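**Q** Spelled out from the first residue to the last, the chains are:
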Amino acid sequence: MDWGKGMSARWRGAAAGFAAVALVMAGAACAGGSDAGDKTAVLTYWASQQSPSVQHDKEILEPELRKFTAQTGVRVELEVIPFTELLNKILTATTSGQGPDVLNIGNTWSPSLQATGALVGWDPAMMDKLGGAGRFESAALQTTGADGATPVAVPLYNKVYQLYYNKKLFREAGVSAPPATWDDFVTTAQKLTKDTDGDGKPDQWGLAVRGQAATVASHYAYILGSGLGAQYFAGGKPTFDSPAAVAGIERYLSWMGKDKIVNPSDAENADWADVYEAFAGNKAAMMLVQTLGQTLKDYKLTDQNYGVAPMPSNAAAGGRDIGSFVGGTNISIFKSADNLSGAVDLVKFLTSAPEQTVLNAAYGTIPAVKDATGPAFETPEMKIARDTIANRAIPMPRVPQETQFETLLGKDVVGWLAATATGQQPDAAQISAGLKAAAGKVSAGG
Amino acid sequence: MSISADSARSGVPAAPGTGDRPAGVDGRAGRARKRHRRTPYLFLLPALALELFVHFGPMLAGVVMSCLKLTQYQLAQWWAAPWAGLGNYRVVLDLDQPVGASLFKSFLITAAVTVIVVATAWTLGVAGAVSLQRMKRGRGLLRTLFLVPYALPVFAAVITWRFLLQRDNGMLNHVLVDQLGLLPGNAFYLIGPNSFWSLCVVEIWREWPFAFLMIMAALQSIPDELYEASSMDGAGPWRQLRRITLPMIAPVNQVLILVLALRTFRDFETPYVLFGGSAPDQARLISLEIYQNSFLTFNFGLGSAMSVLLLLFLMLVTGGYLAVTRRRTSLDA
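If you read the sequences in order, they're chains E and R.
Anchor point for the first sequence: position 446 equals 450 in my numbering, and the numbering is continuous, going up by one each time.
Anchor point for the second sequence: position 165 equals 1207 in my numbering, and the numbering is continuous, going up by one each time.
Treat the hints as calculated values from the structure; they're not laboratory data.
Model, not experiment: these values are computed from the prediction.
Errors might be hidden in some of the hints.
[Claimed, not checked] The following label-pair restraints were derived from C-beta to C-beta distances:
1. E:Y303 <-> R:P1195: 55 to 63 Å
2. E:V58 <-> R:L1222: 58 to 66 Å
3. R:L1222 <-> E:Q194: 30 to 38 Å
4. R:L1187 <-> E:D203: 51 to 59 Å
5. E:E66 <-> R:K1147: 14 to 22 Å
6. R:V1217 <-> E:K262: 41 to 49 Å
7. E:G204 <-> R:Q1175: 51 to 59 Å
Glycine included, each C-beta is placed from N, C-alpha and C at the ideal position.
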């Protein structure tokens, strides 16, 4: 009986979740004594993919990194990694201790990755090497670690949610200005939702959403819930099912359900491209997206075609004026880096005013430092973005369970939106029960 | 895998030179024979060592991890994580708590998908292979065509299904609603209750060529004389299928069904690509659930406990299945 073959198939299956990590553990034991010559002259840098393609990212970064090599004599080995793979790669590197020297991280992961203890801390003395913490946007600095702990990351590129609207559809519907409050937003969107071909069904919608993405769902739920006063953690314990959090989710679901300003088919949208296509094809009048920069150029849209406005605000009593969470990318150093001062130099280089200007202009993101200036940041979009991050943005929860929060909340909201799409919008009690269960899963993680 | 077992029992010629060998040469020949017997094991040794390293290593690591309280706090020094004993298993198996309840639900869904997919893929495989067996013309062409789903890269194939099944721009709704008018309005296939059936269809589409291929190979070994003789005796195609074809390919079926079931049960790519990363509740297979519990929520101990339970379950099912089917085939024989 050929046990070996049959068993291996099963083991492969059962081990799927942790095989990668475990293999690296085994590998790490063997690779401990490897020696690759003079390691200090080369830094490895994992950059996150910030533009539509990895290749484009390389074309942006490589000339800049050559400048760094010319200045310091340190060569940089660049790897650009899509965000979907980045977290897994970081976790594997953390387990094995065989990671890059410098790496980008999604800024919302900072507290969770801080808890691993694998990243170099940025105390005031370290920050002074970059010109002091005062150079950076204060909201962005709140995304660099858990509340009250020494930060483990430095802000690099930032984004905030903004409202993008289709000028042609606004003109046709006789809407002169983008909505300023959420109530306004719904009535405006209802004016923009219509049946243009006369078959009795609407084919132009007030808003397009990326309904099947858990990350985006959790962002909306967090922004809307926080605006109504929700707190998602109290003393490190999850408190997801507050009435304000439930009301925030209800508001989002109602856009598709009760208010009928979102095409139910949007519940299947897995990518932003689906939303941009609807927007560019005049099928949707508005979208709530993080700072887009040049993205809409790919859809042949210019500022003749679309306008940018701040996220609507809360008129409700007891609410806070929150437009967005602080989105973006941070940069960190692995403790296993062989050349710490070289790594710090690279972070210093990438956060210097000239590089921040070049890179953020290329990516269409908000500079993390206040002293980066230039015509690229004088556009209406960037002015609104910089105002939002300075005055109306809060960080995602600054607790080590942040990724769990985002994943579990996002998954539930995606499920509720799917139910709404099929005509069964959940009520407050159902949402509350679901949030309670999600909080239970976070606690099980301990 | 049991083919070798069956053939061994049914008497592949025993090792040469047992019994009728003249006495006297026995000493040297005996030693040579012993060495001869050892040779295959020596050849197997590197494979065995690698097997231990590549498969047993991670598996053992997984079992150890399942008894640790391993989250992001301990990741950099995972070996120093506090011992949880059976704590993770208690959480995973507690059906009144959210973690256990959602794992159990995804387990039931996976079991249902597996039963449906294996039954349908096997039936289609038999039907395809048997009908091609008698065909004279166009056989090669059809065979190639049938094998296309098996040869396509998963991502490319499944993303195409995603496009077909989309509500507004998908071809399925275009045909069913706009062309044929069978449905009153566009239906959802990628979310809601239909997503379960979408997943089943895509899995069947991916798996049946494998069944087809295996059964087609098995059919080659049935001598034509059997069919000729039986048709002289007046047996129709249906009777031939039941009395000759199916019994003759039974050993292949035994393996085939097991492999199909295992592949479906632990499939990850299909639902992951089909539903764009976040599968609806109705189609959340257990592998996605485990992935979410370990990688997305940073709870590796819990994820490992789930993996170990899955391993135990699949081993139990496989062992039971082999015991039952082997007894049946030996009874039949």
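**Q** 14 to 22 Å was suggested as the range; check whether the CB atoms of E66 (chain E) and K1147 (chain R) agree with it.
**A** 48 Å, violated
**Q** Take a look at whether the Cβ-Cβ distance between G204 (chain E) and Q1175 (chain R) falls inside 51 to 59 Å.
**A** 53 Å, holds
**Q** For L1222 (chain R) and Q194 (chain E), compare the CB-CB distance with the range 30 to 38 Å and indicate the outcome.
**A** 34 Å, holds
**Q** Range hint 58 to 66 Å: satisfied by the CB atoms of V58 (chain E) and L1222 (chain R)?
**A** 43 Å, violated
**Q** Determine whether the Cβ-Cβ distance between Y303 (chain E) and P1195 (chain R) falls within the hinted range of 55 to 63 Å.
**A** 28 Å, violated
**Q** Should the hint that V1217 (chain R) and K262 (chain E) are 41 to 49 Å apart at their CB atoms be regarded as holding?
**A** This hint is violated: roughly 32 Å between Cβ atoms.
**Q** Please test the hint of 51 to 59 Å on the beta carbon pair from L1187 (chain R) and D203 (chain E).
**A** 38 Å, violated
In summary, the numbered hints that this structure violates are 1, 2, 4, 5, 6.
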